[in-house]
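Heads up: the protein sequence lines correspond to chains D and C, in order.
Under our numbering, think of the first position of the first sequence as 1331, with each following residue one higher.
Under our numbering, think of the first position of the second sequence as 1331, with each following residue one higher.
Read the hints as simulated data drawn from the structure, not as lab findings.
Since we're looking at a predicted model, the values are computed, not measured.
Each residue gets a CB set at the ideal place from its N, CA and C atoms; glycine is no exception.
Each hint should be verified, as a subset may be incorrect.
Unchecked claim - Per the computed footprint, the stretches of chain D lying under chain C, defined by three or more beta-carbons under 8 Å from a beta-carbon of chain C, are:
{"#": "1", "region": "1457-1468"}
{"#": "2", "region": "1494-1500"}
Claimed, not checked - Pulled from the structure, derived: some chain D residues nowhere near chain C, Cβ distances all over 10 Å:
{"#": "3", "residue": "Asp1398"}
{"#": "4", "residue": "Val1450"}
{"#": "5", "residue": "Arg1472"}
{"#": "6", "residue": "Ala1475"}
{"#": "7", "residue": "Arg1543"}
{"#": "8", "residue": "Ala1561"}
Protein chains: 2
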Amino acid sequence: VTEIKALTFDVFGTVVDWRTSVAREAKAALAPKGHALDWGAFADRWRALYQPGMEAVRSGARPFTVLDELHRENLVALLAELGVTGLAEPEIDDLNRAWHRLDPWPEVLDGMDRLRRRYVLASLSNGNVALIVAMARRAGLRWDAILGAEVARAYKPQPEAYDAAARVLRLEPAECLMVAAHPPDLAAAAARGFRTAYIHRPLERGPGREAKRPAAGTFDYAAEGFVELAAALGAR
Amino acid sequence: VTEIKALTFDVFGTVVDWRTSVAREAKAALAPKGHALDWGAFADRWRALYQPGMEAVRSGARPFTVLDELHRENLVALLAELGVTGLAEPEIDDLNRAWHRLDPWPEVLDGMDRLRRRYVLASLSNGNVALIVAMARRAGLRWDAILGAEVARAYKPQPEAYDAAARVLRLEPAECLMVAAHPPDLAAAAARGFRTAYIHRPLERGPGREAKRPAAGTFDYAAEGFVELAAALGAR
C-alpha cells in the first residue's frame, strides 16, 4: 500500500462552520441598519447560489473567476432578492468578506496540529488563495500549502482540481488523502486516484438537517472530526 | 501613501543560506563514497547552472519546468563534470533534495514572527511549491501563502512572476513589499509597482565575497536582516 504523504482538505463545511459564521456576519452588518431577517436562511440562500456560480465557469460559459468575485455577485443578487437596499460598495465588500471570517469546528485546530506533525496539510478548496489566507490567519489554521481551484484554475469536482494538487505537491495521487464532509468531493478525488477520508459534520446545514452518513466502507476512512482522523491514521 | 499589506520574499539567499546548506548536504552524500571535493565550490557550481536552466524556460525554448527538475538536470551535469560516478538514481534524487534542506539565516524565524503579526507573508521564489513546503516544514518557516514561479508559470525576473503574486493576493502591487537580497529581483518587482526592501546578506556567496550594498535610497527599505526590517516597518 502506498504511504500517505499529504492530506488535502475541503474547507467550507469540513474545516469551518460556514453557516453559523456567515449568519453572524450578516446579522452584524445588516441588523444595525434595521433589517430583521432569518440569518441562518440568509447564509443558506447565499450558499445555494454557490454551485450555479461555479457551474458557469465549469461549463466554459465564462472564464475562470475567483470565488471572492462569484460570492460578491451572488451577494448583490441576494440583497436585491431580499429587498435590502442602501448598502455602500465598501459595505458590500466587507459583508462579502464574511467568507474570510469563518470559524473552524471545535476540534479542528487540535486535530490539524496532530496531523501536521506527520503529513503535509494542504487546502484543496474552491475558495481562492486570498480568501483561504485571510481565513487561516484569523482562525489560526496552519496550512503547509494553499492549493485548490485558483491554483488549478478549475473548480471541484472537475478532475483538474485534484490533479493539479497532486502535481504541485509532486506526489502520486495515491499518496494524497482527500479529507471532506461531502461524498461527491471524495468520490471525485477517488476517481483521480486519491485516498479518501469522510468527516461527519452533522451541523453543517444547521440543527435538524444532519447529512446521512455514507455506508461503511464507501471511503478509506470515516471520522467524527480531525482528532479522530489523526488517531485513525496513527498521528497522535 | 498606499499601506503595505503583504510581504513577498525571495527565498534562496534572502531567507536561507543555500551555500552552506548545499555544501553540507553534498559532503554528507558524497564524502562517505570517497569523494574529496571543495564542497563550497560544489554548491557554487550547482548554483551557477541555475540561471541558464531557467533561461531556457524564460526564452520559450522549453515549456515551464519546475525548479526541482532543473536542479536535478543540473546536478547530473555537475556530477559528470566532476567525474562523480556510481550514484544510484534514488541517491541522486536525495542529493537533489539538498535544496529542500536549507537553513535560514539566524535572525529569520524571529523576524518573520514579528512581520507576520502585521503582514501577510508569501514566498515569491523561483523554487517550486513542493520545494518551498519541504523547506518550510524542516526549518519552521511560516508562510501564509507559497507563490512564485510555479504559481505564475514564469520565472523571476519575468513580470508575470510578480504580477501573479499581487493578483492572487488580491492586492495592488503597491500594497506588496518585495523583500530580497538581490537588487535585480527588487528592480524587477519595482518595475511592476511593488515596494522594495533590500536585505544585506554578506555571507550568501561565502566568506570574502560580500555583495556591494546598493546606494542609499535605491530601494524603499534596506536592512541587515528581518528583525531590523520589522523594526523599520514598525512591526515589533
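field: Structure versus earlier hints - violations, ascending order
entry: Those not satisfied are hints 3, 4, 5 and 6.
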